[in-house]
Amino acid sequence: MSSTEAPTVDDLALAVFDSAVIPLAEALRASGRKNYFPLGADTGAASYFEAPSLGVMGAADFAFPGEGTPEGLLDAAAAVWAAQGETGLADLAGRLRPVAEALRTEAAENNGEVDILCYTMF
Amino acid sequence: MGYVLGISAYYHDAAAALVQDGEIIAAAQEERFSRKKHDPRFPRHAINYCLGEAFIDPSELEAVVFYDNPLLTLDRVMKNAVTVAPGGRDQFVAACRGMLGGKARLKDDLESVLGEVPRLLGAHHHMAHAASCFYPSPFEDAAILTIDGVGEWATCTLGVGRGSQVELLKEIKYPHSLGLLYSAFTYYCGFKVNSGEYKLMGLAPYGQPVYADIIRDTLIDVKDDGSFRLDTGYFGYLDSGLMINERFEALFGGPARKPDSLITRKQMDLAASIQLVTEEIVLKLVAHAKAVTGSRNLTMAGGVALNCVANGRVWRESDLDGLFVQPAAGDAGGALGAALLVSHQMLGAPRTPKAASDPMSGSYLGPRFEPHEVAAIVDRQDWPHEHVPDETERAAKVAGAIAEGMVIGYFSGRMEFGPRSLGGRSILGDPRNPQMQSTMNLKVKYRESFRPFAPAVLAEKAADYFEIDGESPYMLLVAPVKEDRRVAMVRPVTEGDDMMPILHQARSDIPAVTHVDYSARVQTVDAERSPAFHSVLSAFEGLTGCPVLVNTSFNVRGEPIVCTPQDAYRCFMRTEMDLLVIEDRLLWKRDQPAWPEDDDWRSEHELD
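Chains as they are written, first to last, in the working numbering: chain A, 682 to 803; chain B, 2 to 609.
Warning: the hint list may mix true and false statements.
Claimed, not checked - Only pairs whose alpha carbons sit at most 20 Å apart, straight line, appear in this in silico EDC-like list of lysine to aspartate or glutamate:
1) B:80 <-> A:787
2) B:462 <-> B:510
3) B:108 <-> A:748
4) B:444 <-> B:405
No lab work stands behind these hints: they were computed from the structure. Since this is a predicted model, take the numbers as computed values, not measurements.
Modelling step: build the complete structure from the supplied sequences, incorporating the hints.
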């Protein structure tokens, strides 16, 4: 990439990963906190069921987060993570804004192929 | 008014559904219009169809509801990234593209189709699945079980429906997923994830579950209540673009089978093993759902609910009073579930379940073409045809052609919603013909010869042919062929690498629809839901004494099921079908002009 070219979406996303995600992961491990989710079995557990995040959808629960825009989605995510005490993730949301803006500029045409990552729901 | 438009999109199987005051008006998958299998794009064609079916414009919509909560999905994706970092670098880029690109611009997409966007709402993914199976069911109360790959954080939920309310009680969270486990084996056996799962299920009866203990001991820990956790160290989906990793390959002694290479006994045994483990888990989950909810009715949705072999065992072994599986159990059905959820639970539409009526209308919820429209098309295209307006006479001609060994493209009424053809857009054949399975697989469908076909049977005669108690109108239950109709197989199903000698053995007096384990994926056809199809089956029975037909989807391998008469004619002319029925017009292949086709049309459709 020459110094006059704008960074690509991939460049921007990788920069966020290297400068924000990896340090967050390192900090998480250094703090001794558990992962965000278990990675394997717990032989002592009687059940792996958990209470659902939402049992019944009331009227307010149908509000669509972020009003259908990437900026709105990131703002909503930042607010949720801040409320959870996840300040690192809340900061990460702000750092993803340039990625979203670059994606809007790129506006790649989807040809209707199913993404190979569809099963992990990206 | 009370019109609610439900939308699923951006991952796979985009769809739209329209509900008015709790009543289902229309539903369709985008792939049927775009002709791109599993099309994930914003369903603009399906939305336009739904609005047109109700003769309304967007300003008359009370709300639009999306079937998934992108905030919860983003939460999972970012927490997954932090969990696996510094691994997962490339996957993070893909995740950013996915979550913040086109998928995050729902508002733009809605505006491009609807103009001013009505009230925009969102449902939770598994709540939409739960609603999609409970609300259309005939039950006042029922246990609800949803199982899929993943939606937001959940991969499996257990809930209860009562009257107009759906409540989720328990869930299992990502990355522990029965759907993703099954898909991992789909990938490892050389089939395409998200569409090859049916092949794996069809392959299972050729094998022995010799790997089941390895799966139980190493990959998944299952508790007595059916809840489970995977050992994620064997899977690739947390930090790569693959379902599995080297540890998984080492566990099963080598790399994944390459697509379209020879299927060997190893794949047959792997399929049998993961199918058995899946069935065991589903049966435990159902037992727990019954115990927790106290209900003897069960409704199911989510992609795993399309596993009709497991569903058949649930129905036979779980001592239920009633079972309803949403025919569009995958993500397409989420559009319908989200719309029903808003209509009943948010807007307060009453729900009055009746055993005698079917709110899904037989799943015939898509476009129809009236006889005068078909006449205009065949005349304009100058397709030679025979006009047979009398339904009884038409059914007799179709039945006669099938009895002579012909293969029929059958296009009648509204298109089905969901992955199964149920007589609206079907290919039909004679199940008594020992060559019919090979003929239809190789000369019509252009797909692997091991794959079984399903029987459509007159509902009132189903018990004469299959060990089935009750109805199966949506082809979502596998049942054994009755003992007295079976023919002993000379060659054991577990012998050798070559499936062909096994396949070519007669297995019953309806060999084309009897799988190698004497099972069949049954569709019961009744006159209320499917009057025209019922007439054809009745006429065939009158001619032959057999009330069963081969019924397979009207498409070739990798192609979406046909939607329009033009799609149907194209598929008819590209294959070795003998007769095409489009409503009251019969088009005989022998009368048609040569099809000006280039040779590479099969490359239009990516193989599944």
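Evaluated hints:
For the proposed pair residue 80 of chain B and residue 787 of chain A, the alpha carbon gap of about 26 Å is over 20 Å, so the pair is violated. Using a Cα cut-off of 20 Å, the hinted pair residue 462 of chain B and residue 510 of chain B holds, with the two alpha carbons roughly 15 Å apart. With a CA separation close to 7 Å, the supplied pair residue 108 of chain B and residue 748 of chain A stays within the 20 Å bound. A distance of roughly 17 Å separates the Cα atoms of residue 444 of chain B and residue 405 of chain B; the hinted pair therefore holds under the 20 Å criterion.
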